Amino acid sequence: MFTIIRSGMLTTIQDLGRHGYQQYGVSVSGAMDTFAHRIANLLVGNDEQQATLEMTLIGPAILFEEDTFISICGADLSPTIDNEPLPLWRPIFVRKGSKLSFGFCKNGCRSYLAIAGGIHVAKVMGSRSTFLKARIGGIQGRAVQSGDQLSSYSPSPYITKLIERFTCMTMKNYLPLKWHIAYECIPHFNKKRIVFIMKGKHFSQFTRDSQEQLFTKPFTISMNSDRMSYRLKGTPLSLAAPKEYLSEPVTFGSIQVPTNGRPILLMADHQTTDNYPRIGEVASVDLPLIAQLKPGDVLSFQEISVQQAQRLLLEREAMIGALKQGIKLALKRAGN
Amino acid sequence: MTYSIYPLGDQALTIELESELHVAQWQKLHQLTQTLENLKPDWLIEYIPAMPTLTIVYNPLIVQKQYGAKRSPYEIVCEEINILFKQTPPHTMKKVKQIDIPVCYGGQLGPDLLDVAQYTKLTPKEVIQFHSERTYTVYMIGCAPGFPYLGELNQKLHIPRRTSPRLFVPAGSVGIGGEQTGVYPLDSPGDWQIIGQTPLTLFLKNAEPPSLLKSGDQIRFVPISEAEYATLRNKEG
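Heads up: the protein sequence lines correspond to chains A and B, in order.
For the first sequence, position 289 matches number 289 in the numbering used here, and the numbering has no gaps at all.
Whatever position you read off the second sequence (first residue = 1), add 1000 for the numbering used here.
Keep in mind the hints are simulated off the structure, nothing from the lab.
The structure presented is a predicted model; accordingly, all values stated were derived computationally and were not measured.
A virtual CB, placed ideally from N, CA and C, is assigned to each residue, including glycine.
One or more of the hints may lead you astray.
Pairs of lysine-lysine residues, derived as PhoX-like cross-links and limited to a Cα-Cα distance of at most 25 Å, are as follows [claimed, not checked]: (1) A:Lys133 - B:Lys1205; (2) A:Lys328 - B:Lys1065; (3) B:Lys1065 - A:Lys324; (4) A:Lys161 - A:Lys96; (5) B:Lys1205 - A:Lys123; (6) A:Lys133 - B:Lys1214; (7) A:Lys123 - B:Lys1086; (8) B:Lys1040 - B:Lys1086.
From chain A, some residues computed to sit far from chain B (all C-beta separations above 10 Å) [said to hold, decoys possible]: (9) Ser7; (10) Glu66; (11) Lys133; (12) Lys178; (13) His180; (14) Gln205; (15) Gly296; (16) Val306; (17) Gln307.
Using the sequences provided together with the hints, build the complete structure.
Pasting the structure below:
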């Protein structure tokens, strides 16, 4: 059991999304940064698709009412217990009665808190993800509020053993394990903040200038950005000849351009279909980077083919697979 | 039949018919969803039928595991789709589902009916008649949970959207926006002209499937009285 003392700016329960219902108009939702979400789960012995708390810019304060293991991955929102800073990307033992608080955002935008066993809420259409717009999933379809009491499922047997061992072994309110995810394994932006995108269906219907500007000019994330979409500011893009399109499915990472020429980058809670022309789609490997951008941040686009994007995605998956094995071994060893 | 396939990012692709409004071809595209439903290939995550397209969401990792890494998952899924298309029999169209949507037009439930009548220079009775006399095909469900994109509305009823959108339009509201008609599945803000309300629930998150309508269905709006509306409304709970 744990209690939310302070909700933070926008804290929602998310998993890897609601699949199979887009044909009924239901958005996929799920963690914006799936890499951080998946690793956070793995670090406490959970399956990747268990629910975590997605915390945005200003994190919550949480009181733990039982001994457990947690991990915090993604943005650094200055987590502390007893005013001592907690490390990211590693398993941390937390004793009953400890209060976890988050402070200011040092970098990134979204942080994921995984709790051993995964957060206990009912699945709606196969997922625990909160879809705010339609009030589906999570806690009655809403963001987490102060006073919410939440519980977790039973942790894996080797984690239960680990919790028992740490309960006896230490007097401290918390204790991180000595190892963590290597910096090189975590997706990071290069200096120029370049994001790989594939040309979209309507790319060739934009003016020559717009096609060139897409790959040469920087874009800024505007204030008007949320879990549904980011509005981008920059040189306006335009079609060679105005045209009305029929609505058709869009995806997480689609870059659509309305008539005002300001691109809209679709995110996890994106509508299932839309009728704006699409100039590009972000490569899946770069979506976790985009999820960590906040209003005011600048990014640039570079072209990549679908084949290259898929090769990078498969490499990323192979690395996560290796991490999964390594984490499991290390957790089992820590319990013995 | 001619179609093209193009990628939608690196985990989905869209099949598009070249002639967009040919119903027989569109039905064939829908049949492909039936074939996919029966075969349930491991790499298939979900499909989204629209008009005149079908989008397939797939898992590149599973494609690679099953077919090896010589070609990209995109190329492999494209080829699988081409094979399935050839195998899909042309004349086994399952019966189209017909659904009646009872609607109580006008009054408090359809606050814009009189405005629509005035704008279109019709009587309210004629608006109701033109709206309810034809059968509409559900092209797709999209934009919002359970929201149907419907086939052509009588031209006489085309009317601009409201200049100031309402902040609250109750679920079940039947409206006209531009050249389209539809039903609001959830309470939401909206700028369509509201001419009536159905007691039916279009979207129920705990039902399977959660949407009353699906792409390919045919619907009719059936005018009902306020008393009938109240009775049906109670039944729906």
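Hints versus structure:
Our distance criterion of 25 Å between C-alpha atoms is met by A:Lys133 and B:Lys1205, whose separation comes to about 13 Å. Pair hint A:Lys328 plus B:Lys1065 holds up; C-alpha atoms about 23 Å apart against a cutoff of 25 Å. About 18 Å separates the Cα atoms of B:Lys1065 and A:Lys324, which keeps this hinted pair within 25 Å; it holds. The straight-line distance between the Cα atoms of A:Lys161 and A:Lys96 is roughly 16 Å, inside the 25 Å bound, and the hint therefore holds.
Under the criterion of a C-alpha separation no larger than 25 Å, the hint pairing B:Lys1205 with A:Lys123 is consistent with the structure, at around 11 Å. Distance restraint check for A:Lys133 and B:Lys1214: the Cα-Cα separation of roughly 21 Å lies within the 25 Å cut-off, and the hinted pair is therefore satisfied. Straight-line distance between C-alpha atoms of A:Lys123 and B:Lys1086 comes to about 38 Å, which puts the hinted pair past the 25 Å bound. Taken as a hint, the B:Lys1040 and B:Lys1086 pair is honoured in the structure, with Cα atoms around 17 Å apart against an allowance of 25 Å.
No Cβ of chain B approaches the Cβ of A:Ser7 within 10 Å, the least distance being about 23 Å, so the stated non-interface status holds. Listed as a non-interface residue, A:Glu66 keeps its Cβ farther than 10 Å from every Cβ of chain B; the least gap is roughly 30 Å. With 10 Å as the threshold on Cβ separation, the claim that A:Lys133 sits away from chain B is violated: the shortest Cβ distance comes to roughly 8 Å. With 10 Å as the threshold on Cβ separation, the claim that A:Lys178 sits away from chain B holds: the shortest Cβ distance comes to roughly 32 Å.
For A:His180, the non-interface assignment is confirmed: its Cβ lies about 26 Å from the closest Cβ of chain B, beyond the 10 Å cut-off. Against chain B, the non-interface label of A:Gln205 holds: every CB pair exceeds 10 Å, the least being about 13 Å. Non-interface status of A:Gly296 relative to chain B is upheld: no Cβ of that chain comes within 10 Å, the nearest being about 26 Å off. For A:Val306, the requirement that its beta carbon stay farther than 10 Å from each beta carbon of chain B is not met, with the minimum near 5 Å.
A Cβ of chain B approaches the Cβ of A:Gln307 within 10 Å, the least distance being about 4 Å, so the stated non-interface status is violated.
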